[in-house]
Amino acid sequence: MHDIIIIGGGVVGTAIARELSKYRLKIAILEKEVEIAFGVSKSNSGIIHPGTQNKSNSLKGKLCVEGNKLVRKLAKKLGIDFKEVGQLIVAFNQEEIERLKEIKKEGELLGIKKMKIVFRPWLAVNEPNLNPEIIAALLVPSAGIISPYRMAYDLSENAAKNGVEIYTDCEVTNIKKDKYFEIESKLGVFSSRYIINAAGLFADDIARMAGIKDIKIKPRKGQEFLLDKKKENITNHLIFPLPSQTSKGTLVIKTSDGNPMIGPTAEEVEDKYDLSTDESGLAQVISSVKRLVPSINPKDIIAYFAGLRPVSGEDFIIREEKSVKRFINVAGIQSPGLTAAPAIALYVSKLLKTSGLKFKRKLNFKPFRRKTIHLFQSDKKLMKKIISKNKAFGDIVCRCELVSRAEIEAAIERGAKTMDGIKFRTRAQSGRCHGGFCTTRIMRILSEKLNIPLNEISKRGGKSGIVVKERG
Amino acid sequence: MMKERDLIIVGGGPAGMAAALSAYEHGVQDILLLERDQFLGGILNQCVHTGFGLNYFKEVLAGPEYADRFMKRVIAIKEIEVSLKSFVIKLSQKKEITFLKPGKISEVKAKAVILATGCRERTREMAHIAGTRPAGIFPAGLAQKLINIEGLIPGNEAVIVGSGDIGLIMARRLTLEGSKVKAVIEIQKKSKGLQRNIVQCLEDFGIPLYLSHKIARIHGADRVSKVDVVQVDDNFKEVPNTSFSIGCDTVLISAGLIPENELAEMAGVDMDRKTNTPLSKEQNKTSVDGIFVCGNACQIYDLVDWVTKDSLLAGKQAAEYIKRIK
Ligand SMILES: Cc1cc2nc3c(=O)[nH]c(=O)nc-3n(C[C@H](O)[C@H](O)[C@H](O)COP(=O)(O)OP(=O)(O)OC[C@H]3O[C@@H](n4cnc5c(N)ncnc54)[C@H](O)[C@@H]3O)c2cc1C
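These protein sequence lines map, in sequence, to chains X and Z. All residue numbers for the first sequence refer to the working numbering, where the first residue is 1 and numbers rise by one. All residue numbers for the second sequence refer to the working numbering, where the first residue is 1 and numbers rise by one.
None of these hints come from the bench; they were simulated from the model. As the structure is a prediction and not an experimental result, all values here were calculated from the model. Incorrect hints may have been included.
Said to hold, decoys possible - EDC-like cross-link-like pairs, simulated, lysine to aspartate or glutamate; straight-line CA separation at most 20 angstroms:
(1) X:K229 to Z:E150
(2) X:K449 to Z:E150
(3) Z:K85 to Z:E96
(4) X:K231 to Z:E150
(5) X:K230 to Z:E150
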């Protein structure tokens with residue numbers, strides 16, 4: 001019998017698990033994919049939003065501002081790279097400056113600090129590649145960037161270290177409630193006193209299993225395009241246009257690995273599995289961002305993807321259901337869900353308390369995690385040190401992104417089972433050649449370490465095998 | 001003090017080996033050959049088909065045989081030090097090289113450097129093919145490596161994008177391995193591949209080649225399920241009402257090769273952005289004195305014989321340069 005079962009191992013589910021792992025509770029995460037963070041949390045902009053562009057009375061606005069503060073502390077404790085780069089929301093004319101002032105006012109109500117409107121002379125010095133027709137911008141210094149999947153991995157790793165059980169490839173298929181919940185899954189039946197539904201795009205399906213019918217998740221697609229690392233300094237800040245009704249607009253983004261990114265689009269789609277990109281998405285993104293930074297060149301695009309925002313109305317839905325006691329929905333976690341995740345975790349923890357769950361702190365809670373070593377981030381001195389300690393750091397597997405065998409092996413020890421899992425954790429296969437050179441080597445390491453034949457290695461589990469069979 | 005060597009060659013494929021031999025023959029007595037893989041021979045190791053050496057050896061050889069002839073000679077010369085599993089992470093304008101090996105990081109300075117780093121394949125990402133990102137999409141060279149080196153079959157039913165030689169050779173290779181190649185799609189009006197490959201790899205097996213066509217979209221969630229193909233006009237614009245679908249679980253991309261010159265760039269060599277090759281007035285030379293580039297890193301050749309010829313020249317040039325500065 002578990003005290004709490006969390007359904008969904010995205011950034012939200014893992015943040016909740018990590019927060020609750022401070023207490024003496026028996027907790028498990030059930031995740032349907034073969035690895036953590038293969039849902040929405042793997043494909044987003046990676047921005048730790050300051051909270052602007054949200055209504056001051058919205059839950060997501062409040063949790064975003066709080067999350068922005070919590071993420072930095074968490075990042076330090078868990079060794080996640082976080083960089084405060086600041087954001088600029090730009091204005092082309094006087095009318096737009098008025099809107100900046102409104103956004104600033106709304107932001108101040110939410111408690112966002114140090115915002116100021118800057119003008120052309122400041123922009124010319126601090127953001128030289130910006131369109132010269134931009135006359136002013138709202139500078140919000142507290143905006144930052146993080147690697148979204150690494151945040152989820154590191155959260156789940158620390159949660160596991162503190163006793164949380166993590167079951168992957170464990171789709172929940174049915175929920176029964178008697179005195180307790182009986183949760184039917186691919187790996188059997190779990191029973192639990194509480195359920196936290198953090199199933200992202202599928203939170204409505206999970207809610208329905210528990211008899212709650214008034215949540216409907218509508219996917220909103222965002223196509224994003226990554227540029228070559230050589231363009232790392234094309235901007236110094238995150239560049240935003242004025243927001244629209246449905247999104248913060250198409251942005252010029254800095255990412256924690258250096259590659260600039262442009263996007264996302266905001267398209268209503270039906271299919272929760274539609275992760276396709278297309279020419280019209282590309283055309284729209286290019287024309288929007290060229291207005292912000294005219295020198296952006298589509299030739300510099302080296303990769304692209306799409307993500308689906310799990311939208312249900314305008315705000316987050318985080319509540320214990322009145323009709324189904326001890327069932328907590330964490331649904332409709334669209335943007336800024338990544339930023340808000342640690343604040344959502346605290347919010348859920350409070351809901352549990354009010355609902356009557358007894359909390360007792362663990363005395364041996366381990367708040368820290370040793371930072372993962374990446375060769376590409378190391379200087380010569382550090383390289384010398386780590387290579388002398390572990391030979392395999394000198395054995396390069398991915399030439400484009402400088403990833404060593406030691407890093408691949410560490411990723412596997414930390415839970416990577418698939419080619420994508422390796423990619424998200426280490427960057428191997430994400431460079432110029434997209435795995436052209438290192439795929440076979442990584443397959444071999446996976447095969448050896450996990451003790452599975454080469455023809456069972458997959459891109460991301462399920463039917464996504466890399467090859468179909470061995471040569472006859 | 002940093003150790004100093006006369007000549008450092010980066011890359012142990014046919015280009016690097018020929019450059020080393022030629023430099024030695026022209027008097028260089030101290031050569032360090034760095035290769036990141038665990039073998040010499042580079043990409044030839046996976047090219048098990050024949051057709052190599054017709055020009056240089058006047059014989060028909062398979063890729064590994066062609067490589068082997070150079071390897072034997074390189075290994076026999078003690079003045080050429082071969083360092084395998086050695087990955088160069090840095091080259092400076094002053095010709096200082098930092099390289100990693102399992103358990104070791106080394107720094108050396110060279111009088112002259114020859115970059116023989118070969119090329120990589122253009123990817124699906126560069127070709128901007130719309131659709132999903134399932135398993136089953138391979139650069140053609142990777143598919144070749146999977147079959148020939150790892151003994152694995154990449155897919156059951158394939159469509160090949162691009163009719164360059166690698167694409168054509170892989171059409172035959174897959175067919176011989178029992179996979180069905182349903183089509184080769186070429187956006188240009190003519191194939192860039194060698195005529196002999198069109199005949200021997202496609203026509204002999206009845207594999208259709210669609211010229212002036214492109215893949216408009218890739219479908220599939222976990223694994224590729226089908227591709228949409230459409231005809232294009234002279235300006236590569238889609239021709240309306242010509243779209244059709246081909247069911248397949250595999251897409252091979254053979255859309256051209258790009259010289260790998262990240263090290264040259266790091267050393268401040270002037271580059272031609274379009275071709276990713278060093279700008280230079282003279283074959284194999286670069287804007288930095290004493291840094292030479294040869295083989296496919298210098299220019300994409302369709303036959304290894306031309307790579308050898310080009311690299312022999314680079315070895316000679318480096319030898320002359322070293323003599324001059326001594
Ligand atoms: C294009 C785009 C850009 C974005 N940019 C930003 C940004 O810059 N900053 C920001 O703060 N936010 C951003 N977001 C929002 C952010 O990505 C999401 O809010 C966040 O990732 C949601 O996390 P999650 O854990 O709720 O969802 P998910 O990561 O999807 O996690 C839910 C998990 O539940 C699992 N699951 C589903 N059904 C079941 C079942 N039946 N049984 C078991 N498990 C199940 C899924 O497999 C999944 O892993 C962006 C979103 C998109 C799409």
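To see whether the hints hold, each was checked on the structure:
Among the hinted pairs, K229 (chain X) with E150 (chain Z) is inconsistent with the structure: their alpha-carbon atoms are about 32 angstroms apart, more than 20 angstroms. For the hint linking K449 (chain X) to E150 (chain Z), the alpha-carbon distance of about 17 angstroms falls within 20 angstroms, and the restraint holds. Only pairs whose Cα atoms come within 20 angstroms are accepted, and K85 (chain Z) paired with E96 (chain Z) is accepted, the gap being roughly 19 angstroms. About 36 angstroms separates the Cα atoms of K231 (chain X) and E150 (chain Z), which puts this hinted pair outside 20 angstroms; it is violated.
For the proposed pair K230 (chain X) and E150 (chain Z), the alpha carbon gap of about 34 angstroms is over 20 angstroms, so the pair is violated.
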